[in-house]
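*Asks:* Residue numbers (the numbering used here), protein chains in the order written: chain A, 1 to 144; chain B, 1 to 144; chain C, 1 to 144; chain D, 1 to 144; chain E, 1 to 144; chain F, 1 to 144.
Note that these hints are calculated values from the structure, not bench results. Note that beta-carbon positions come from the ideal geometry of N, C-alpha and C, so glycine has one too.
Here are a few chain C residues that face chain D, going by a calculated C-beta distance under 10 Å:
#	residue
1	GLY33
2	GLU100
3	ALA103
4	ARG126
5	GLY137
Output of the computed footprint for chain A on chain B, the stretches with three or more beta carbons under 8 Å from beta carbons of chain A:
#	region
6	6–14
7	35–45
8	71–85
There are 6 protein chains.
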Amino acid sequence: MPIVRATRRVHFCSAHMLRRPEWSEEENRSVFGDCSNPNWHGHNYVLDITVEGPVDPETGFVMDLKKLKEAVTARVVADVDHRNLNVEVPWLTGVMPSTENFAVAIWDRLADALPDGVRLQRVFLRETPNNAVEYTGPSEAERR
Amino acid sequence: MPIVRATRRVHFCSAHMLRRPEWSEEENRSVFGDCSNPNWHGHNYVLDITVEGPVDPETGFVMDLKKLKEAVTARVVADVDHRNLNVEVPWLTGVMPSTENFAVAIWDRLADALPDGVRLQRVFLRETPNNAVEYTGPSEAERR
Amino acid sequence: MPIVRATRRVHFCSAHMLRRPEWSEEENRSVFGDCSNPNWHGHNYVLDITVEGPVDPETGFVMDLKKLKEAVTARVVADVDHRNLNVEVPWLTGVMPSTENFAVAIWDRLADALPDGVRLQRVFLRETPNNAVEYTGPSEAERR
Amino acid sequence: MPIVRATRRVHFCSAHMLRRPEWSEEENRSVFGDCSNPNWHGHNYVLDITVEGPVDPETGFVMDLKKLKEAVTARVVADVDHRNLNVEVPWLTGVMPSTENFAVAIWDRLADALPDGVRLQRVFLRETPNNAVEYTGPSEAERR
Amino acid sequence: MPIVRATRRVHFCSAHMLRRPEWSEEENRSVFGDCSNPNWHGHNYVLDITVEGPVDPETGFVMDLKKLKEAVTARVVADVDHRNLNVEVPWLTGVMPSTENFAVAIWDRLADALPDGVRLQRVFLRETPNNAVEYTGPSEAERR
Amino acid sequence: MPIVRATRRVHFCSAHMLRRPEWSEEENRSVFGDCSNPNWHGHNYVLDITVEGPVDPETGFVMDLKKLKEAVTARVVADVDHRNLNVEVPWLTGVMPSTENFAVAIWDRLADALPDGVRLQRVFLRETPNNAVEYTGPSEAERR
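Using the sequences and the hints, build the whole thing.
*Replies:* Next comes the structure, spelled out in structure tokens:
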């Protein structure tokens with residue numbers, strides 16, 4: 001069976017700030033710029049979840065993308081859409097909600113939510129029209 | 001001289017909530033849904049400002065769109081980008097920051113910022129990939 | 001109250017053909033080209049529904065766009081998504097499902113589905129990346 | 001018959017500069033900025049041509065959009081695609097190739113190229129992701 | 001010579017259904033959902049074909065993308081555009097026309113259509129704004 | 001620390017031609033088509049620069065994307081925006097400005113401009129809506 005990648009896109013809107021409370025205002029401004037505004041800002045995130053696996057000979061699917069959407073909705077979107085990433089998301093507690101950290105956290109939410117034989121291949125997270133991040137999972141060294 | 005419309009697009013990111021403090025949680029939920037989350041959410045706004053006027057015979061411009069961009073940046077973007085629309089924007093104080101009200105307020109910020117002979121024709125404000133608002137200014141009755 | 005336009009976008013996928021059974025194959029080919037293929041083809045339609053009205057002073061809304069989405073889903077998308085426009089849609093029976101006729105039929109489905117004081121302003125229907133149609137309702141003469 | 005608007009999009013790539021030879025370098029820089037570079041620059045233009053008319057009861061078309069595309073290709077795209085707007089386009093000779101002037105010139109190329117009963121309603125010309133122009137034809141006063 | 005990847009995008013529109021005739025209506029609904037509608041539905045497909053190879057020192061090309069477009073048009077688009085994927089495409093006979101199977105079949109149509117020294121690197125096929133598939137060819141094990 | 005990729009997008013507009021002066025007009029036409037027009041043409045380029053590295057535990061960043069933008073602006077955009085790629089860009093002198101060669105040259109401009117521990121992973125350059133190129137750097141063999 002050929003190995004194919006399938007991607008499902010979802011959208012959500014969240015507030016966040018990038019700010020270390022133990023740093024001074026100047027340090028925060030210097031490192032995080034406008035993103036450190038203590039009154040929050042927010043984004044329309046675009047999230048592409050890619051899974052990889054053999055094509056099922058009967059369905060022609062790597063997996064049912066509706067099921068993938070349900071998993072992404074239940075494990076990610078329901079927790080972050082119209083939410084504040086710094087204060088409301090249990091699986092982001094203590095995490096600086098940069099796009100990088102957010103993508104890695106989404107990976108960890110989804111990696112074990114897939115059917116047998118299907119693996120999470122990529123989390124692509126667009127924060128703005130000009131900024132995006134992708135994570136393809138831990139390296140072999142990390143996995144050990 | 002032909003009358004032409006020219007549009008300049010800008011992007012910005014803001015936090016907001018839609019919530020009336022004098023209403024109960026239930027009323028807020030019922031009317032504003034997830035947008036009433038008291039912990040904020042946010043958006044990547046796309047703003048298209050359209051001006052209309054005769055084409056200058058020497059420059060071929062309705063107006064210099066760089067100047068339009070500077071006006072939009074100074075009067076709108078600088079105040080709202082990476083900001084909280086409910087608490088940080090003087091010209092939105094006391095205004096429910098719905099897309100509709102936001103677009104009207106942007107109109108009022110820009111209508112008198114244009115060169116002689118050029119009129120603001122349209123404010124188009126996209127809040128999400130699926131929701132947008134446009135305002136073309138007060139009616140003649142309102143202007144009186 | 002300012003009069004503002006608000007737009008909600010929805011997506012759906014349908015099959016159709018453009019073909020007059022009383023015409024010869026040659027006539028159909030000549031007028032409708034590949035769209036006359038009797039084995040069907042299909043599109044990802046993008047539908048923008050624009051409503052117009054005064055902004056409610058309490059909510060800041062022309063109308064709740066979630067309610068608009070519900071109306072569009074119930075009256076249009078539920079009938080046409082993953083459907084065949086020629087044979088399965090009661091309100092398109094006997095209608096050549098061109099983008100033009102489809103947009104007009106969508107207008108007729110929605111014009112009376114809006115709250116008091118809100119009027120349907122525009123149906124914009126994109127059939128392909130390069131082809132789209134817009135309908136803003138019957139003229140005054142037609143309405144009489 | 002309902003009156004509907006149909007739009008066909010085309011793409012082309014051109015070089016141009018905005019520069020008045022009788023002006024000094026300083027004046028050109030001041031008015032046209034980087035666009036005055038005497039070594040040229042260029043754009044991927046996106047052109048949306050909108051026509052308006054009654055829907056034909058047999059075809060469901062305002063007009064055959066393939067015919068519209070052929071007219072736009074023959075009268076506009078063939079002359080400007082992979083061309084220099086300042087020096088190679090007969091119908092732009094002596095015209096400052098701003099987006100505004102270009103849109104008006106395109107209107108004049110197409111207004112009389114449509115079938116009976118169909119009128120050119122709008123020329124929308126996007127020069128960059130952030131800048132665009134639209135022209136809806138001469139006013140009644142101009143037409144007299 | 002550096003090894004570079006070049007991508008050509010094409011668009012086409014097709015009808016299809018996902019349905020196994022030997023299954024009951026309930027099984028088909030359960031696995032394929034609305035896609036199993038026996039009256040067909042369809043999509044605007046976006047197809048990105050990526051080739052990889054050394055850059056020719058004289059032309060600066062991996063290969064002439066116009067030639068790539070001609071190959072994609074002749075071997076893929078001409079067979080599937082405005083066609084029914086289930087019943088009209090010889091190289092899809094007996095294939096469930098899921099996006100996955102479709103992408104693999106497109107790979108097989110193109111892999112041997114490229115000039116010497118250029119290899120097909122990726123077939124990316126978008127079926128809807130939210131669903132897409134990519135195939136990068138058989139693994140080494142499969143190729144043996 | 002997880003290894004993540006972050007991408008910053010920039011836009012610029014340039015003129016160029018693809019033409020070998022030592023070739024006849026016929027040869028140039030045959031190989032480069034309309035791109036060989038000696039009067040130039042141009043494009044709105046979209047450039048995605050991807051960097052890869054471990055996520056900083058304090059900032060959550062692979063690197064500050066504003067710093068990446070500054071590097072891309074200083075080393076690439078400032079030299080090519082509103083410029084002629086054939087005659088004005090020192091680091092393209094003697095280079096046929098195909099998208100492939102341009103992407104490789106951009107790689108060479110940026111590969112050593114990144115902070116310690118961050119590597120350039122990909123240069124993606126879109127020349128038109130349908131044509132794009134990506135370069136992921138020299139192979140190990142080339143690097144030796």
